[in-house]
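Asks: From first to last, the protein sequence lines are chains A and B.
Using the working numbering, read the first sequence as starting at 65 and increasing by one per residue.
Using the working numbering, read the second sequence as starting at 23 and increasing by one per residue.
Quick caveat, the hints were computed from the structure, so don't treat them as lab data.
There may be inaccurate statements among the hints.
The list that follows gives simulated cross-link-like pairs (lysine-lysine, DSSO-like), each with its CA atoms no further than 30 Å apart [stated by the list, open to error]:
#1 137/A / 69/A
#2 144/B / 69/A
#3 153/B / 150/A
#4 176/A / 139/A
#5 150/A / 109/B
#6 101/A / 69/A
#7 144/B / 78/B
#8 150/A / 97/B
#9 69/A / 97/B
#10 78/B / 115/A
#11 29/B / 78/B
#12 84/A / 32/B
#13 107/A / 69/A
#14 150/A / 29/B
#15 101/A / 78/B
#16 84/A / 29/B
#17 101/A / 181/A
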Amino acid sequence: MADFKVHQRDGEGVSVIDLKGYLDAHTAPDLENAFQKLLTDRKYNIIVNCKDLTYISSAGLGVFMAFIEDVRKNKGDIKLSNMSPKVYNVFDLLGFPILYEIYREEQEAVVKFHEQKRA
Amino acid sequence: MAGKAQKLTKTIESRTDNLLEVREFVLQASRRFGFSEEEASKIVLAVDEACTNVIKHAYQYAPDRTIEIVIQPEKSSLHITVIDDGKAFNPSVARLPDLKQHLSHYRRGGLGIYLMRTLMDKVEYKYAPGKRNEVRLTKYLTASESRAQS
Numbered sequence: 065m066a067d068f069k070v071h072q073r074d075g076e077g078v079s080v081i082d083l084k085g086y087l088d089a090h091t092a093p094d095l096e097n098a099f100q101k102l103l104t105d106r107k108y109n110i111i112v113n114c115k116d117l118t119y120i121s122s123a124g125l126g127v128f129m130a131f132i133e134d135v136r137k138n139k140g141d142i143k144l145s146n147m148s149p150k151v152y153n154v155f156d157l158l159g160f161p162i163l164y165e166i167y168r169e170e171q172e173a174v175v176k177f178h179e180q181k182r183a
Numbered sequence: 023m024a025g026k027a028q029k030l031t032k033t034i035e036s037r038t039d040n041l042l043e044v045r046e047f048v049l050q051a052s053r054r055f056g057f058s059e060e061e062a063s064k065i066v067l068a069v070d071e072a073c074t075n076v077i078k079h080a081y082q083y084a085p086d087r088t089i090e091i092v093i094q095p096e097k098s099s100l101h102i103t104v105i106d107d108g109k110a111f112n113p114s115v116a117r118l119p120d121l122k123q124h125l126s127h128y129r130r131g132g133l134g135i136y137l138m139r140t141l142m143d144k145v146e147y148k149y150a151p152g153k154r155n156e157v158r159l160t161k162y163l164t165a166s167e168s169r170a171q172s
């Protein structure tokens with residue numbers, strides 16, 4: 065049976081959340097907790113690596129909506145990377161590429177954070 | 023194949039940990055009916071959204087109520103009905119959000135309804151508060167899927 069895992073790692077001035085498995089109404093609270101912890105720790109440069117994310121529903125998408133405002137108020141951002149076409153399609157259907165930067169590779173998102181820091 | 027297809031029914035308790043089982047049930051039925059993987063994924067997501075709405079809104083997270091999912095194959099379409107006996111919730115009267123404006127205000131609600139309507143060909147509601155509410159989702163086979171089916 066599929067599972068869902070959230071793993072956080074820090075490096076190069078950013079925090080990366082790795083998602084694995086399915087993100088739905090049942091597992092969305094795990095991601096909420098991960099974002100909440102980052103905000104509590106005042107870590108606002110966040111990349112969510114979706115390489116192993118196999119499924120997302122609106123409950124999962126809602127978590128990104130819940131935190132983006134607070135993160136940007138603190139001059140940070142949530143950037144996304146490594147999405148499968150299937151997962152990207154759901155983000156795209158809801159217009160998320162307007163609101164979020166989505167990169168093919170995690171390293172591209174890291175570089176973007178560094179560029180924005182220098183600007 | 024469609025002519026021989028039987029009506030399928032699954033009943034679950036109203037808990038989010040049962041969504042995975044629902045998705046698997048719908049995925050298998052959609053594949054067997056002849057939908058491509060891409061279309062089957064759309065149906066699965068729409069049914070997940072319908073069940074999630076029942077758990078959140080009709081039952082307000084009460085974990086011991088029931089949700090019935092009925093899959094009815096017809097000649098060139100698949101109908102999935104999600105049935106509950108909770109609080110009436112009729113998204114068909116809810117305004118479909120202007121997505122750009124919705125997102126720019128960081129609103130997280132209403133996205134499921136938008137997805138259901140976008141992913142499926144038809145979304146219909148019948149409701150009798152506290153007795154029986156139904157969301158009926160319909161997807162038609164594309165021409166190429168129909169040819170592959172027959």
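Asks: It remains to establish, for every hint, whether it holds in the given structure.
Replies: Here's how the hints hold up against the structure:
no.	hint	result
1	137/A / 69/A	holds (28 Å)
2	144/B / 69/A	violated (34 Å)
3	153/B / 150/A	violated (37 Å)
4	176/A / 139/A	holds (14 Å)
5	150/A / 109/B	violated (33 Å)
6	101/A / 69/A	holds (15 Å)
7	144/B / 78/B	holds (22 Å)
8	150/A / 97/B	holds (28 Å)
9	69/A / 97/B	violated (41 Å)
10	78/B / 115/A	holds (29 Å)
11	29/B / 78/B	holds (27 Å)
12	84/A / 32/B	holds (27 Å)
13	107/A / 69/A	holds (20 Å)
14	150/A / 29/B	holds (28 Å)
15	101/A / 78/B	holds (25 Å)
16	84/A / 29/B	violated (34 Å)
17	101/A / 181/A	holds (22 Å)
Violated hints, in rising order: 2, 3, 5, 9, 16; the structure is consistent with all others.
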